[in-house]
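Using the sequences and the hints given, assemble the complete structure.
Line by line, the protein sequences give chains U and A.
Taking my numbering as reference, the numbering of the first sequence is continuous, increasing by one, and the terminal residue is 349.
Taking my numbering as reference, the numbering of the second sequence is continuous, increasing by one, and the terminal residue is 698.
Simulated from the structure, these hints should not be mistaken for lab results.
Be a bit skeptical, because a hint or two may be false.
Claimed, not checked - With a cut-off of at most 20 Å between alpha-carbon atoms, the simulated DMTMM-like pairs for lysine to aspartate or glutamate come out as follows:
1) Lys66(U) / Asp259(U)
2) Lys452(A) / Glu76(U)
3) Lys103(U) / Glu425(A)
Each chain is listed here by its residues.
Protein chains: 2
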Amino acid sequence: MSSTTLLMPEPLHTACLTLLQAVGVPEDQASVVADVLVRADLRGISSHGVLRLPAYAHKIQAGLLKPDTPWTCLRETPTTVLYDAGMGLGPVAGLWGMKEAVKRAGQFGISAVGVRNASHFGIAAYYALQAVEAGMIGVTISNAAASIAPWGGIQAHLGTNPVCVAIPTQDEIPLVLDMAASVVARGKIRLAQREGQSIPQGWALDSEGQPTTDPQAAIDGTLLPIGGPKGYGIALVNDILAGVLTGSPSGVEICSIHDLQRPSPVGFFFQALQIEAFSSPQDFFDRIGTQLTAIRNSPRARGVERIYIPGEIEWECERDRHQNGIPIGSGTLKALHELAEELGVQIQL
Amino acid sequence: MSSTTLLMPEPLHTACLTLLQAVGVPEDQASVVADVLVRADLRGISSHGVLRLPAYAHKIQAGLLKPDTPWTCLRETPTTVLYDAGMGLGPVAGLWGMKEAVKRAGQFGISAVGVRNASHFGIAAYYALQAVEAGMIGVTISNAAASIAPWGGIQAHLGTNPVCVAIPTQDEIPLVLDMAASVVARGKIRLAQREGQSIPQGWALDSEGQPTTDPQAAIDGTLLPIGGPKGYGIALVNDILAGVLTGSPSGVEICSIHDLQRPSPVGFFFQALQIEAFSSPQDFFDRIGTQLTAIRNSPRARGVERIYIPGEIEWECERDRHQNGIPIGSGTLKALHELAEELGVQIQL
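Dropping the structure here:
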């Protein structure tokens, strides 16, 4: 049995800031990491929220993740840049990378930014939404530690390698497709494990290639890709864009952020695209409004109360939790308090 | 029971050329369309091959598809262009659009080209592979007539809206992920219908939202998206990029190419990306070679003979059929002969 505690985002953010600064992260960068983690919890993606902070802190303490993120430009064209994040913080490198993509797309129409050697960046949506805030379409891709087998294989070779596309709409709710190539994100299995719950059939195979409902067996085995060979292809393409193209580790070279013996660098691939390059914004917003309204009003299957636009559930969750607080699992809360004690700092949660 | 006839690609191409010219398509454009259709058959995607030609011809004869493709530039930035294909031929507009994307990416690093008001363009891979031939990464997206319901809905609202990513590799076999957002492409169901075969469970729902193995019921109902809400999201994002952003029809506005009462314009969205923008080509080819070799050698599940890279099966099929001929179904062959008779031209098949 697990319980949850309702916490407001501000004190949660402050606690993250305190913990990150205690392991040497400069305040401005700690604020970015805290923002990314708390926003995941706000959006209902607790598998990528403050639950992750102890792993980040332990990796920094082990000297395997740089608390002050290096940032070196390795290569550029008018519309593209490749950065090396030098084993620094994924959320910081992610924000800096996407902001550069937005800047270049503003000048040239479309842009792409690659980042090598960053750490896990949390929810991909955080970065794609930076483009939406600038009135653009944003795309975020990352690779990750291997958890999916090539189609027909039994050994994990590719990460769930998420892709997120965020698109501004006619109202304040952006369209956000944020998806792992697996049926579920690895973080959801990790959360089930932490909270002592089993997982549904169809999410994963054990190390012998058999279906399993045990989260530990799933973590030791492989995650099932969506659409079989299609999901395998998505994971591979994302690995090539974020890892192979950027010169970051790829495939089985990537190790887990929970491994305290080795660093766990990953790569990112960002794109930003001006709406104005293709349409007057007003025409675009009129057309997308017509399309999304028609979808929301589409006839529903029996028992279905609403049809959602991708990202709408997360948007409503974020609005609700900003007002009413975020339910944080007892396991996560305990881990944050233990970390504070370990670091000799006070957090008010 | 259906039978097949082995045909070499050259006479098949010549027959297509004859039939297309007979309905008024200029020779250079007819050659592009024939090339796209025959290449689909060469690659084993017969659902998108010469089987489609009678529908194209009938649409032209009905005055709903322009045999001589118009091509108007509506908007441009240094890295992006939007074209109107004026109800012209999809394969022609697709080739022209991707060639422009490749040209601009060569100048600026990355580019995107939108096309509105074209017709069905066949296999998305044909266009993405144009970028590979120029040493670049290519992305092709199209929208299509509605066949997928929004997640939780029962009425078709989105096309299978394919996306193809093609990536050059260390050897002559490019990586080609060419996928519809549905579990299977609509064309596969149409082929089963034409050849009098049933379809597997899990491909589609009938018009009441129930599982079906009857291809006609599936065509009247909706296709299941991969990964449930994820596939719905992919279909919607692709519709927005190819349709809403370009100002082409989107969602339920798109009608089938088989409809002889109305035109059936669709939109395309192409991207090209220089490898050199991010890596020396040699380093990239070394890294991707390491990755793909490791995948090919990955341990296999019992009964699996080989692990394939996306696009490898199609590449081997193409090489084999170039030498040994293409099996064309009797239904397709009959339809081509009937069309030739109808148009009063001779074809040698």
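So, going through the hints one by one against the coordinates:
no. : hint                  : verdict
1   : Lys66(U) / Asp259(U)  : 15 Å, holds
2   : Lys452(A) / Glu76(U)  : 18 Å, holds
3   : Lys103(U) / Glu425(A) : 18 Å, holds
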